[in-house]
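So the sequences go chain by chain: Z and S.
First residue of the first sequence? That's 0 in numbering that gives the first Met the number 0, and the numbers climb one at a time after it.
First residue of the second sequence? That's 0 in numbering that gives the first Met the number 0, and the numbers climb one at a time after it.
Hints are not guaranteed to be accurate.
Ranges of calculated distance between the beta carbons of each label pair, as one might list FRET restraints [unchecked claim]: (1) Z:F60 <-> S:N122: 41 to 49 angstroms; (2) S:N165 <-> Z:N88: 36 to 44 angstroms; (3) S:N122 <-> Z:I29: 39 to 47 angstroms; (4) Z:A28 <-> S:N122: 36 to 44 angstroms; (5) Z:V57 <-> S:E117: 47 to 55 angstroms; (6) Z:F60 <-> S:D66: 38 to 46 angstroms; (7) S:P107 <-> Z:T36: 51 to 59 angstroms.
Chain S residues, not near chain Z, derived (Cβ > 12 angstroms throughout) [said to hold, decoys possible]: (8) E87; (9) T104; (10) S130; (11) Q261; (12) L289; (13) T307.
Just so you know, the hints here were simulated from the structure itself, not pulled from any lab data.
The beta carbon of each residue, even a glycine, is placed where N, CA and C say it ideally should be.
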Amino acid sequence: MLNIRMVFRREMLGFFNSPMAYIFLVIFAIVNGYFFTNTFFLFGQSDLRTLFDIVPLVYLFFIPAVSMGLIAREINIGTMEIISTLPLNTYEFVMGKFLAGFSLILLGLAATSIHFFTLMAVGTNVDIGAIFSGYLGLALMGATFTAIGVYTSSVTENQVVAFIIGVFVVLVFYMLDKMLIFVPHSLAGLVQFLAVDYHLSNISRGVIDSRNLVYFFSMIGFFIFLTIQTLEVRRWK
Amino acid sequence: MIKVTDLSKNYGHVEAVKSISFEIQDGEIVGFLGANGAGKTTTLKMITGYLVPTEGKIEVNDLNIIDDTHEIQKQIGYLPELNPLYTEMRVYEHFEFLAGIRNITGRPFKDALARVVEQCGLNGVIHKNISECSKGYKQRIGLASAMIHDPKILILDEPVTGLDPNQIVEIRGLIKKLGKEKLVFMSSHILQEIQATVDRIMIIHEGEIVANGTSDELMSNFMGNVLLNMEIKGGSVESIEHIQAKLPSVKFISMENSNGIQHVQFEYDKGQDPREELFRYAVDNNWSILKMTPHTTNLEDIFRDLTTEGDINA
């Protein structure tokens, strides 16, 4: 645990010692704020549904951008050589990286809470449970996309390539349930289950079903496992 | 102690290291010398656990690199060739991270930090961002990073590359001092650097160890014939060319005439010294010897011979 904490701490220091984290947080808040407030007063509804629809779209580009350098940069500048010669397990390194990336996403998400307070101030009959489950869904989706981003960052030393692959992979998982009409009927159930948006919309409705939780945790575990294997294989090449 | 047995590493079809074996004892400073691409860095990367050998065995203090990777890594301090650093961090944050991974926190970390700051002369930069430090300081930070946990074994890949002459002398002094109590295995492609710092030299060429010993041992084992440069006035071309018939220990190599002076090159075996006989021969033939300079093979020549294609058995 100490090693995961050390990697996490180093990564957070890296984020906040450079303009990276500040740029991310400010732009994330502005983009979400703009699209949310644009329609909030027009619709006159006391919920955050607009925000919960916008954030996944913003995630599609922001999370690969945050995670593209997590491992690719270490490989590129050579610090991976230092890391690999420390008494540090690969899973500790990967977990530290994942948690740091996810924490930054959570901080971005926390910045959107200003809209919640606005809603509480001006709205009536606010459904706190739906808002809680909406945020939980966004957090789980953020964690899933971060795990994908960490993996795509481990397959190349080029951050731009990691970003492009990352956007592509998260887009595929996001779009799956929107392409069900093109899928044979026998496979539709499976494809729908693999779609991240399907599980997010379930949770956002306020239903926290164990199947949805299993999906998100399986996806996170699977991509973290892939990342660990990718890094281990590098030593044997 | 480091013991390497039949170690090989292939990158695809390229054999970077070919079944090498050697041992390094505690308290020894050993230099690993070779041209760029000879296999030095690959060997060091395998010893530190960064790369897995294709074949062979690496033992460090009786631990095996495959089974006890982390135990070995606890005992090794490693400075990679390109000295990668987290440039966005402050110097002490960088040390704090590396020490933390090695479970050195709190008071022990402060003591370790004070020790490496003192040893590597980092007093003025400890609170600076690494990106603001000069190349020389960055190299010292890399060296200090390798020593933060006071390892028994130091593996340094090209530790003085890019430093100015004063910094080279400083780092060399530090390595020598550390070598009194630690095993130091350092690589370089600069012969003078290795010669000035180490107790023993290993030369690697195209993935194979072609020489292993102290400077004196290498000199006596690999020194070839002695070249003798002479300037002779008054000697005829024929008499000089036929000197070999009179003095069998001397071999005629070349001759060039310039303003009536013959610039001649002879060669003789390192175990013999025919200069006195040559002198007498010259007197008998009424030659005037203007110059007689033997050129013995030095370590640089040996290195060049050993690391030049086709000359391995020189």
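Verification of the hints:
| no. | hint | result |
| --- | --- | --- |
| 1 | Z:F60 <-> S:N122: 41 to 49 angstroms | holds, 45 angstroms |
| 2 | S:N165 <-> Z:N88: 36 to 44 angstroms | holds, 41 angstroms |
| 3 | S:N122 <-> Z:I29: 39 to 47 angstroms | holds, 44 angstroms |
| 4 | Z:A28 <-> S:N122: 36 to 44 angstroms | holds, 42 angstroms |
| 5 | Z:V57 <-> S:E117: 47 to 55 angstroms | holds, 50 angstroms |
| 6 | Z:F60 <-> S:D66: 38 to 46 angstroms | holds, 45 angstroms |
| 7 | S:P107 <-> Z:T36: 51 to 59 angstroms | holds, 53 angstroms |
| 8 | E87 | violated, 5 angstroms |
| 9 | T104 | violated, 8 angstroms |
| 10 | S130 | violated, 10 angstroms |
| 11 | Q261 | holds, 57 angstroms |
| 12 | L289 | holds, 57 angstroms |
| 13 | T307 | holds, 30 angstroms |
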